[in-house]
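Asks: So the chains spell out like this:
Number of protein chains: 2
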Amino acid sequence: MSLLTVGSVAFDAIETPFGKTDKIVGGAGTYISLASSFFMDNQKIISVVGSDFPSNVLVDMNSRGIDTTGLQVKKGEKTFFWSGKYHNDMNSRDTLITELNVLEHFDPIVPDSYQDSAYIMLGNLSPLVQSTVIERMKERPKLIAMDTMNFWMDIAMDDLKKTISLVDVLIVNDEEARQLTDEYALVTAAKEILKMGPNYVIIKKGEHGALLFSANQMFFAPALPLAEVFDPTGAGDTFAGGFMGYIAASDDQSFENMKRAVIYGSAMASFCVEKFGTERLLEINQKDINERVKAFNDLSSFDLKN
Amino acid sequence: MSLLTVGSVAFDAIETPFGKTDKIVGGAGTYISLASSFFMDNQKIISVVGSDFPSNVLVDMNSRGIDTTGLQVKKGEKTFFWSGKYHNDMNSRDTLITELNVLEHFDPIVPDSYQDSAYIMLGNLSPLVQSTVIERMKERPKLIAMDTMNFWMDIAMDDLKKTISLVDVLIVNDEEARQLTDEYALVTAAKEILKMGPNYVIIKKGEHGALLFSANQMFFAPALPLAEVFDPTGAGDTFAGGFMGYIAASDDQSFENMKRAVIYGSAMASFCVEKFGTERLLEINQKDINERVKAFNDLSSFDLKN
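Sequence lines, in order, name chains A and B.
Per this note's numbering, the first sequence starts with residue 1323, numbered consecutively.
Per this note's numbering, the second sequence starts with residue 1323, numbered consecutively.
Simulated from the structure, these hints should not be mistaken for lab results.
There's no promise every hint is true.
No copy labels: a pair is met if it fits in one copy or bridges any two.
[Stated by the list, open to error] Straight-line distance between alpha carbons at most 20 Å, and here's what the computed SDA-like set of lysine to any residue pairs gives:
{"#": "1", "residue 1": "K1527", "residue 2": "M1412"}
{"#": "2", "residue 1": "K1581", "residue 2": "D1476"}
{"#": "3", "residue 1": "K1513", "residue 2": "A1617"}
{"#": "4", "residue 1": "K1616", "residue 2": "Y1408"}
{"#": "5", "residue 1": "K1597", "residue 2": "S1414"}
Please construct the entire structure, taking both the sequences and the accompanying hints into account.
Replies: Put into C-alpha cells, the structure is as follows:
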C-alpha cells in the first residue's frame, strides 16, 4: 500500500567526537523516506526545499521509488539548515544553528495524486503543518503515525495535543514522553498518551531500545549493543521510516505486525548511526537488513523450557 | 545440584521517596539465598552476623532449605549495618552510614559439609574474602559467579582483578563495567572483561535490562517496565540469586540455559523492587514467578514471518 511521508528535506552540518561534516543532505523526510524505500516502491513525500538544493538528490529519491510531486522547490529561497554538535556520550547535543528558511511559511500542499495514500508518516514538524496535511486528505488514511519533539512541547503544546488527538501512532523518545505527560514512569506516560487519542505509542529509549504500547499490550525491542555510535543524527527518523515502511508494505496493522515493524525500524536505525548522515543507509541492501534483523532476533530470543 | 552463596547478612535502613524503614534485614547473602531458594532446596550460605542478629531469621532461612552451618554468629559483636537514601529518580543513592562491624575481620570458613558445592555465587564482598572461599574449596566447582561493586575498584583493583581471574561469570552493572575496563561501549567493556578470565559477563542496566556475553554470543534481557519502583535495594543481589539458583537447579551451563537464567533473575529482581527490602520476596510463590517470567516472554517475543 502507498505511504505518504511528510517531513523536512534539509541541510545538516554535524559534529561528533569522531569528526565533522560540511553541509550534507538530511532532514526527517529524507531519513524517513530513505528508510521506508527498502520496504516499498510506491511512496510519496510532502516537503519543501530552496533552489539551493541539489536536484540530483531529488532524482535519486525518484529512482528509489519516492514520488516527489509534493516536494515544493521554492525559487530564490534557501533550504532549511540545522547544525549541531554531539557531546562525548553521544546522548546529548547542542544545536549550533537553526535556519528555518523555506520551512518558516511552509504550506503543505497535498497533490491530488497523493489522495490514495493509505498510510501517513508525519515526521517532526510544526504540529500545525502536520494537522493541515491530515485535514487535506479527502479520505481518512488507514493509519497515521507522527513523530514530534520537545521543541513543540515548549512553544506549541496546545496545537501539538490537537494534532496528537488526530493520529493513530505517536512516536516519541523517553524524555519527550515524560515532558508531554508530566509522568516519569514510561508505563504511566504511555497510558496518558493513549488517553490523548492515539491507539499506539512508541517510546524510543535510544541505546536502550524502544517500547510499543497499545491499551492492553506492551512490547520491548532492544537496541543492538554497538561498539561505536558514529553519528546519531536521523536515527529516530530512520526508525520511524523503517517502522511505517514495514507496516505499509505488509498492510497489516495488528499488534503482532507492529512488533515486527518496531524490530525493522530498530534495525534500520542501527545502520543509520554507523556513519555520518545518510551515508550508511545509502550503502546497505536487503540482505544487510535481513542479517541485522536476524541479529536482533538472536539477541533477544530465548526459549522457556516449560 | 548444590549452590553455595557467600555474602553479607546484615541490617539495612533505607529511605526512598516513598518512605523509610527502621533497621531491617538485608545484605547480599540474604537476597541471593532468598531468591535462589525458589529454585532449589539444598543450598548453603557462608556469612557472618553479630549476636544482635535475630535468630528467627536464621530459622526462617533453614526452613527455606538454606543450610546456615557456614554462617558464623560472633558473640558480643554487631552485625554489618548499611543505611542509604535514594534520590527521586531511584537510579542513584547516597550511603548515609556504613558500619562494617563483624565484616571487618571476616574469615570465611568453609565447613566440610559444604565441599560438595557444585555452584558458587560470590556476593559483593571484599575480593580477598571472595578469593579465600575459592581457595578453600578442595575441588573446583562447576561454575563460580561473582558480583562486585565500584567500591572495590576504587580501593582494591589489583585484588579484585585477581579474584575476577578465578571466576566463570562476572556480574556487574553498566557503570561498574565501564570503570573496570575504562571502556564506555558495553560491548567493548564486556570483551575486555572476558580477557580478564571469566567466560561469561552479565552487565546489568537497571531499568534498561541486562546483557549476557560470552566470547561469541550475546543476549539481551529487558527489564519489565514498571509503573513504580518502590525500593531498589537488593535488586542486583536478587537478580544474581535467581540467575544462579536457576543454573544450579537445572545443572546446565549452556548459553541457552544461561539466557533463561538471566530471564529468571530479572523476574526475581522485578519483584524485589515492589516493596521495601525483602518484603515482596517473602510473599511470592512459584506461580507468581511463572506468571512474571511469562510477562517477560510476552514483552520481548516477536515472530519474524519470513
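Asks: Now look at each hint and say whether the structure bears it out.
Replies: Hints, verified against the model:
1. K1527 to M1412: For K1527 and M1412, both the intra-copy (13 Å) and inter-copy (18 Å) Cα distances are at most 20 Å.
2. K1581 to D1476: Close neither inside one copy (31 Å) nor across copies (43 Å); limit 20 Å.
3. K1513 to A1617: For K1513 and A1617, the Cα distance is within 20 Å only across copies (18 Å; inside one copy 31 Å).
4. K1616 to Y1408: neither (30 Å within a copy, 40 Å between copies)
5. K1597 to S1414: within (18 Å within a copy, 34 Å between copies)
Hint compliance for this structure: hints 2 and 4 are not met, and every other hint is.
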